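J.: Residues per chain, in single letters:
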Amino acid sequence: MKSKINTNFSRRNFLKTSVLAGGGMLIGFNLLTACKKDAVMPVDIKNLNFNDFNAYIKISDEGYVTIYSTNPEIGQGVKTSMPMIIAEELDVDWSKVNVEQAALDTKNFKRQVAGGSQSIRASWDILRQTGATAKQMLVNAAAAKWKVDASTLKASKGIITNAKGDKIGYGEVVKEAALLEVPENITLKDIKDFTIVGNDAKNVDLNKIITGKPLFGLDYKAGNVLIASVLRPPAFGQKLVSFDDTNAKAVHGVSDVIKFGNKIAVLASSTWAAMKGKKALTAQWKDKKLESTENHDKILTKILDGKKLNVRREDGNVKQAFANADKVIERTYHSPFLPHNCLEPMNFYADVTADKVHLVGPIQTPQWTVNRVAKLLKRKTEDIHCEMTRMGGGFGRRLYGDFALEAAEISSLANKPVKVVYSREDDMTAGRYKPSVKYRIAASLKDGKVTGYHLKEAAINGNMYGLIPNFFPAGCIPNLKIETGNYKSNITTGAWRAPYTNFLAYAEQSFFDELAVELNVDAIQLRLDLLQNVKNTTDKRIEYSGQRMEDTIRLVKEKGNWGKTPEGVYQGFAAYYSHNTHVAEIAEIVLKDGFPVIKKVTAAVDCGVVVNPTGAMNQVQGGVLDGIGHAMYADFSFKNGKPDANNFDRYRLIRMQETPKVEVHFVQNNLSPTGLGEPGLPPAGGAVANAIHAALGKRLYKQPFIKDLQKSSVLG
Amino acid sequence: MPNYTLHINGKEKSVSADADTPLLWILRDELNLVGTKFGCGIAQCGACTVHIDGVATRSCQLQVSILDGVKITTIEGLSDDGKHPVQEAWAAIDVPQCGYCQAGQIMTASAFLAENKNPSEEEIRAAMHGNICRCASYNRIEKAVKVAAEKMA
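Chains as they are written, first to last, in this note's numbering: chain G, 371 to 1086; chain Y, 31 to 183.
One or more of the hints may lead you astray.
Here are the simulated DSS-like pairs of lysine-lysine, each with C-alpha atoms no more than 25 angstroms apart in a straight line [what the hints assert, rightly or not]: (1) Lys629/G / Lys619/G; (2) Lys41/Y / Lys1031/G; (3) Lys1031/G / Lys101/Y; (4) Lys591/G / Lys176/Y; (5) Lys970/G / Lys176/Y; (6) Lys534/G / Lys559/G; (7) Lys572/G / Lys41/Y; (8) Lys176/Y / Lys578/G; (9) Lys173/Y / Lys583/G; (10) Lys572/G / Lys176/Y; (11) Lys572/G / Lys910/G; (12) Lys173/Y / Lys929/G; (13) Lys113/Y / Lys578/G; (14) Lys173/Y / Lys969/G; (15) Lys101/Y / Lys962/G; (16) Lys173/Y / Lys1031/G; (17) Lys583/G / Lys147/Y; (18) Lys466/G / Lys113/Y; (19) Lys1012/G / Lys659/G; (20) Lys970/G / Lys668/G; (21) Lys537/G / Lys515/G; (22) Lys969/G / Lys176/Y; (23) Lys147/Y / Lys591/G; (24) Lys633/G / Lys658/G; (25) Lys113/Y / Lys572/G; (26) Lys929/G / Lys969/G; (27) Lys591/G / Lys181/Y; (28) Lys970/G / Lys113/Y; (29) Lys176/Y / Lys697/G; (30) Lys649/G / Lys176/Y; (31) Lys181/Y / Lys578/G; (32) Lys173/Y / Lys572/G; (33) Lys101/Y / Lys572/G; (34) Lys41/Y / Lys578/G; (35) Lys858/G / Lys658/G.
No lab work stands behind these hints, which were simulated from the structure alone. As the structure is a prediction and not an experimental result, all values here were calculated from the model.
Only chain G is shown next, with the shape it has when bound in the complex (with noise of 0.2 angstroms):
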């Protein structure tokens, strides 16, 4: 299959190539459709100007070719896996290229963002044609030094072949190379032909990760900066009031304690003398207003029972639908806040000078930071220069730059270079949590069909984005109908990885497992007779697609063994499309004293073209593992404001002898590829629970699973 190609852009305007004063050429390109006609390229790779460019391959004259990473990597792969796309198309030995972090703070860029799994989505054309671009133009240059036409030439693997078979190696013809015209017309690969992408790579930092070599923000060091340990207000909804600093400034090592806002700043010259430092202030507080998860469970349950909720789409006529039918079958779903738990706590380095600001650390929105660190220090944007580190994980995290407006505050106010480092009670306790949910699902059953479905979500703070009412099960049932409503809390909520999906899966995917019982026909057989509804569609909104969901479902139930276990093994199944990738998923389990044990999952992704099969292979495997394990056991409560964990001793994270084995299918297709940092995750509550309910005959409508798992007469 051709993959599609972009051309309302001119080559010309997202490409420029420079020779570099150190040997070697130098390839800028763009990941936004234009960039300055007028720009004028760096020679030397120090002195890049990134408003102009964000994206740079450097091919040096031996041949060995480095790529700047763009996007930032929190474990997704994407420092692997985009690179692999140029490389491709280049026609380079994977072995020769080089994989760097690029330090970039750009208005031109298309999307340096690690979010929403869109990362490889977005760029998939435009690193095709850059590399292969850049193979022309290699192409060229040895045509032009070999007096021939460039279409007798032949690359490959970094050589150049003629048709008398002389051969000359990119190396060779790179200063040629960069003085050509950027080439309009380019071929892309077959897909067929790939070799780069679609074979395993290996993660391009593993060598660095497991020796122990500094990668990541916290491991970041320069010069005499001071590490500084915040104390926020322990409860959401407090004030600062004043506070006592006698014993912080009398610990070794401390040297400021600055009041900023709403906190208190302890500057010390090693971390462990911050932190402690910190431990001796005292503050008093002025209760506003403290919120108890108590009160929003009366509050969700109030907005689910009442009439004012915004439509986010409807279909047909539920009322009349439900009036009709059979059997009105109805449940709610509740999940709890969780912290985001990225395993390197918050931290950011910021040296904030009268002519420049220098930031540096774990972050997955460098633009979205260094513009608000402009506005906070009323700076330019100009002056502001922020480089990306290696993360230890995201999860949406560090979406938000919340740690890095304090460092550039801190540092600002001290008048010294200085990193925030958040203790891992500092990062539980000041997030930006998944908000807790309740779904109220209903659906009417009439002649063995759903005939209407209801759907209303009560929420904290925000609701579902505006594409999710037009994912499974819209255009499946002709009557239907999405409804939200939130309330505003003083608890910070944001987004965690595959928000909102992640619950909403769970929720509905067992509620479909229930109408397949009441139905009495199979849980899969259920979903693909309501697929048939959506194939034929003509409704543009509806984002997922029937045929490949069916694919995919067809995929999991194969390789999965559906209905085929041995006796004492339960099964169940659960499929969701998010972020642009269908998932089908069949957990496993077994009883053990009772007690549920997950053995097994078998997972079929759509994901196009799967660029990194071991990259992507071990997003799903994570992605599955994740999501079993905040559906089980992450509990997250507030009693006055305050969260009751605030460290892994009362917060539970699945550790290794809870993980069942993960197994991965990818449908084979040649289309673009999608995201998979999220997808994987979203269906894995819902297999579970209809796995536990096929084993136990108890349905699980509330988030974590062990709760009622404890409580229920099984484990006596």
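Using the hints, position chain Y against chain G.
T.: Below, chain Y without anything else, positioned relative to chain G:
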């Protein structure tokens, strides 16, 4: 501040620090050995695991003042250039996602395999249970320990 002499990765290092400073912060802040990671500070996650006389230990809970005479090994001293069988297995299987917890995982696994040459699957899962991987690369960690055990046998 008192002075302490520590035996780290085969070398003697002299540090000046408060007696209650955890080894973790001595390694990271004073000795620039940042491979040992800070995750929780209460010995719950295993990111800060080092070997004390060959035993996997949480460095966030070890005060510098009690380390006289013990041999400390960190990820940087486990091998020259990543050649320990556990590191090689980690590389072969491409275990890491974000990679932050992996030094701690490797230190736990290497101490475990030094003691147990022929571990069962259940023993591996129990030995690694104390180390959190937030990206949940557990399937591959388990496989890598198995591969390393076969290599070391």
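J.: Tell me, which hint numbers fail for this structure?
T.: 2, 3, 4, 7, 11, 15, 17, 20, 23, 27, 28, 29, 30, 33
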